[in-house]
Amino acid sequence: MIELIAVIQILLLSVFGLFAGYLVLLSILALMEKKSKEKPTSVDEQHRFAIVVPAYNEESGIARTVRDLIDIEYPKDLFDVIVIADNCTDQTARIARYEGAIAWRRFQPDKRGKGYALRWCFDRLLSDEQYAEYDSIVVVDADTRVNKNLLQVFNKYRAMGADVIQGYFSIAPKPDSWTSETTRIGFTLYNYVRPMGRKRLGCTAGLRGNGMCFSAAILKAVSWDAFSNTEDLEYAMSLLQHDVKVVFAPDVIGYNQIPETADKAESQRERWEIGRFPVLKRFAGKLLKSGLRKRSFHHFDAFLDLVTPPLVTMLLFVLLMGGLSVVSWWAGVTDTLLFAGLWLVLFGMGIAHAVIGLIAAGADKAMYKSLLYVPRYAFWKLYLYVKVFLRGRSSEWVRTTRE
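Residue 652 in our numbering sits at position 351 of the sequence shown; the count goes up by one each step and never skips.
A few of these clues could be false.
[To be verified] Mimicking EDC-like on lysine to aspartate or glutamate, the simulated pairs with C-alpha atoms at most 20 angstroms apart in a straight line are: (1) Lys587 / Asp544; (2) Lys500 / Asp544; (3) Lys587 / Asp526; (4) Lys412 / Asp391; (5) Lys475 / Asp665; (6) Lys521 / Glu434; (7) Lys377 / Asp436; (8) Lys449 / Glu400; (9) Lys449 / Asp552; (10) Lys449 / Asp372; (11) Lys377 / Asp345; (12) Lys377 / Glu400; (13) Lys521 / Asp424; (14) Lys412 / Asp424.
Calculated from the structure, these hints are not laboratory results. Since we're looking at a predicted model, the values are computed, not measured.
Produce the complete structure using the sequences and hints provided.
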């Protein structure tokens, strides 16, 4: 029995050691990529953009988002803002039109959610001749603020030949909200550090749902068939199966709005984290097989990025295993003290990933102070996992409550 436990410990240490080592490597590479000077690019070509905003009952905030988008510094005759009022029962469409956007209403109650709304909109844009002038389509969430350089930067990457681009979208600082601030740390590590490190490796950056840009040609070649609760992750996997790489644009910056209290954040967190499992189940094996068959580091990198747990979840597991090893040692199993030390090393690697990553991202002082909230956040996530396990996971998309 002791030998079996030792074998299990070694296997788990190997797997989680790979995860931790991968995250530390990406942090270091992100720091190196940030310090490297990108050659200035003069762009004469100007693309025509459709900025698509999926919205469900967003009457309280859609005006601000539309105004932000219309004020973008780019020739006004080269882009339009299109709001998809998806199964809305409020004044979202009317307000969007008043602020200068094109508003399309969609009513299909049996197919609710962002993935279905995007497919409906893309089909309309790509099939109707009157919209053929749009050669690039940008997706921005309805609760988002964007920098004025949004289309300038996307145009630069499009002119350089990129068909799919992901901008850096984070969360505006809210020092008094522990859920918002810890999520901001997570956004920084997941939405900036990982893609930045993978950019250094020449790998696909993946999609993050907000601030995505697609060429019309790529949406025709690889149809949007992503309808899960993590539709962005699902479509990114489909793109990789067609050897299409997502390019990361760190100089495109936007800010999401997220709930400031834990009770309102539960549905959003469940959708982000629990919603990954169906995509993981569908694509993890395919990526690993294609990586081995094609000897493709890009596919193996995507596999590793997909299966690597969220940092806080991983650290909770590492601490649990380390604690069990110490308890076993107290119980007289002498060899387990070595395992406790190794689990402690992995915990340190996770902390190193976070600290180096925040340095690479140029984090502000408030974000470093917010690291003190992480233990509280970890226990909240553990509570959420238990709650979902006892209740069962909902497959239906649930709108996040706005403040």
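*Measure nothing beyond the straight line between the CA atoms of Lys475 and Asp665; if it is 20 angstroms or shorter, mark the hint as holding.*
holds (12 angstroms)
*For the pair supplied as a hint, Lys449 and Glu400, confirm whether the alpha-carbon distance does not exceed 20 angstroms.*
Given that 20 angstroms is the threshold and the Cα spacing comes to 17 angstroms, the pair holds.
_Satisfaction of hint between Asp552 and Lys449, Cα-Cα up to 20 angstroms_ = Status holds; Cα separation ~11 angstroms.
_Straight-line alpha-carbon gap Lys412 to Asp424, limit 20 angstroms_ = holds (15 angstroms)
*Given the hint that Lys587 pairs with Asp526, does the C-alpha gap stay at or below 20 angstroms?*
Holds, at roughly 17 angstroms.
*With a cut-off of 20 angstroms on the C-alpha distance, tell me whether Lys521 and Asp424 pass.*
holds (9 angstroms)
_Given the hinted pair Lys587 and Asp544, is their Cα-Cα distance within 20 angstroms?_
At roughly 13 angstroms apart (the allowed maximum being 20 angstroms), Asp544 and Lys587 satisfy the hint.
*Take a quick look at whether Lys377 and Asp345 sit within 20 angstroms of each other, Cα to Cα.*
holds (17 angstroms)
*Holds or violated: Lys377 with Glu400, Cα cutoff 20 angstroms?*
With a Cα-Cα distance of about 15 angstroms, the restraint between Lys377 and Glu400 holds, given a limit of 20 angstroms.
*Between Lys500 and Asp544, is the straight-line Cα distance small enough, at 20 angstroms or below?*
Holds: Lys500 and Asp544 sit about 16 angstroms apart, inside 20 angstroms.
_Can you confirm whether the C-alpha distance between Lys377 and Asp436 stays at or below 20 angstroms?_
holds (15 angstroms)
*Holds or violated: are the alpha carbons of Lys521 and Glu434 at most 20 angstroms from each other?*
Satisfied, since the Cα-Cα distance of roughly 14 angstroms is no more than 20 angstroms.
Hint check: no violations occur; every hint is consistent with the structure.
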